[in-house]
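Asker: Place chain B on chain A using the hints.
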Amino acid sequence: MLRILLSTAVFLGFMTSCPVGATSIKLKSTKVEYPTSDVMFPGDGADAINNNCLACHSADHVLYQPLLSRENWAEVVHKMVTAYKAPISPDDEKQIVEYLAKTKSIPDR
Amino acid sequence: MERDREPLTRRRVLQGVGTGFIGMMPVPAWAQETFDFKVPGGPSVRPITTSFPEKGRMILQRTSPPWLETPFDIYDKSVITPNNQHYVSWHWATYPEEINVDTFRLAVRGEVDKTLSLSLKDIQDLPQFEIVAVNQCAGNSRMLMVPRVAGAQWWLGGLSNAKWTGVRLKDVLDLAGVKAGAIQVRFGGLDEPVLPDGPKFMKSVTIDHARDGEVMIAYGMNGEQLPMLNGFPLRLVVPGWSGVYWVKMLNDIEVLSKPDTNYWTSTGYRVPDVPNHTVKPGDKGFRLVPATGNVPRSFITNVHDGDKLKVGAETLVRGIAFGGDCGVARVDASIDGGKSWQSTKLGPDEGKYSLRQWQAQLTLPAAGARTLMVRCTNTAGLAQPGFPVWNPSGYLYNTVESIHVIAT
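As you go down the protein sequences, you meet chains A and B in turn.
For the first sequence, the working numbering gives the first residue as 1, with consecutive numbering after it.
For the second sequence, the working numbering gives the first residue as 110, with consecutive numbering after it.
This is chain A alone, in the form it adopts within the complex (with noise of 0.2 Å):
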């Protein structure tokens, strides 16, 4: 018992248990907004970024990858065709990968 005191004395101040009640929880009725980005693709050759993929990501979902070869980034974009069907077409398809290639691509080594 001893032991089972100074064992809690020494987590004290650390919450481990949460306000949960043996009985059930109200559910009630809601609504919210969920907020959106306005952000688009900067600079020249931006248009076929701008005009096929904000359509199911916002921008900050690129912007915030990683750098990648061009080879990879070719095929992130690809995925987004045959994974995901997204309607790209294939002349838009080389100039997003031009994009990408030219704004997040690491050196070739």
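None of these hints come from the bench; they were simulated from the model.
The reader is advised that the hints may include incorrect statements.
[To be verified] Selected chain A positions facing chain B (Cβ under 10 Å, derived; list incomplete): (1) 24; (2) 25; (3) 27; (4) 30; (5) 32; (6) 35; (7) 57; (8) 61; (9) 72; (10) 75; (11) 76; (12) 85; (13) 87.
[Claimed, not checked] Which stretches of chain A does chain B cover? Using the computed rule of at least three CB atoms under 8 Å from a CB of chain B, they are: (14) 36-42; (15) 65-71.
Don't be surprised by glycine CBs; every beta carbon is placed ideally from N, CA and C.
Answerer: Below, chain B alone, put in the same frame as chain A:
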């Protein structure tokens, strides 16, 4: 349920005005507070946002559909993550902004004796079940993979822990009566693909897993209803498995007699079928398998990179750990970069799928730079690896963490 289409002007718009969003540090001008992960290989600074409904301070990884990361400082305060700081991740941007608890229904259909359309009251009338469990994105800490890989750039906070209240999935399946030919159960929510041909987000588990008495449908999180962004009114909870299985705004349960062929179950979320899911970039010839169970992890929460610690004096070092798909057996700490290890004292056990606190009195014997490490071993005997975990899609990272301090 159609997402309402209000004019943008009424909606809170996270603007990118100013010059801050150009180049390598794309942090918008509105950001009052930022957080720097200090990880090389790409942009490492993110805004802290309080703009999302029912959410407090969160690290903004993506505005839409949201990726909101739990700030690391909260892990030092409690093993339970407050609901308003529980991390958020959605695959498609179309999901409701309004839920009516009187009209919401959960369908149970497919290989069952009786198709069901359950109200929230029907569900709350079933026997209540509670479990504390970590919800962690399969891609948590993708940012730490070297070389870097594309995807959600979670640092450490694609991970939260809560006490989930609800009903056993088994009890709901038993109400419908599962037929003998059932092999899998597939789960869908109110989120819909933005693209007309895009794959609806769904995930499946085997019928035996679904009926194991632990997989549950949660209507409560730490004693309250779920935040909308965490899946109100119902969310699947698959204790010990990665968050991708924890389908949010769950409204459809389909019992299948054939293997699920939908993209998210059959193709997405794959890891190499090798120890620690770790391969070298460019490696081929390994089999890909679904990312399923969590793997052990641990963190130091009260000492940070660059901190100065007193030489020759005991310093209380503490943090959190979890076993992954089973409990924590032990947590060991090192003051010499992993050359030697000492055991730590574990805090109260909230259940095998919960975060668990650990703490130790560490003494740094001589002045200079020191590397502190912490390593969790789970009850199945699996320990965090000391080498870098890497796979092409950046899943299930659990390399031992290092904190660099200076003894003075």
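Asker: Output the indices of the hints that this structure fails to meet, ascending.
Answerer: none
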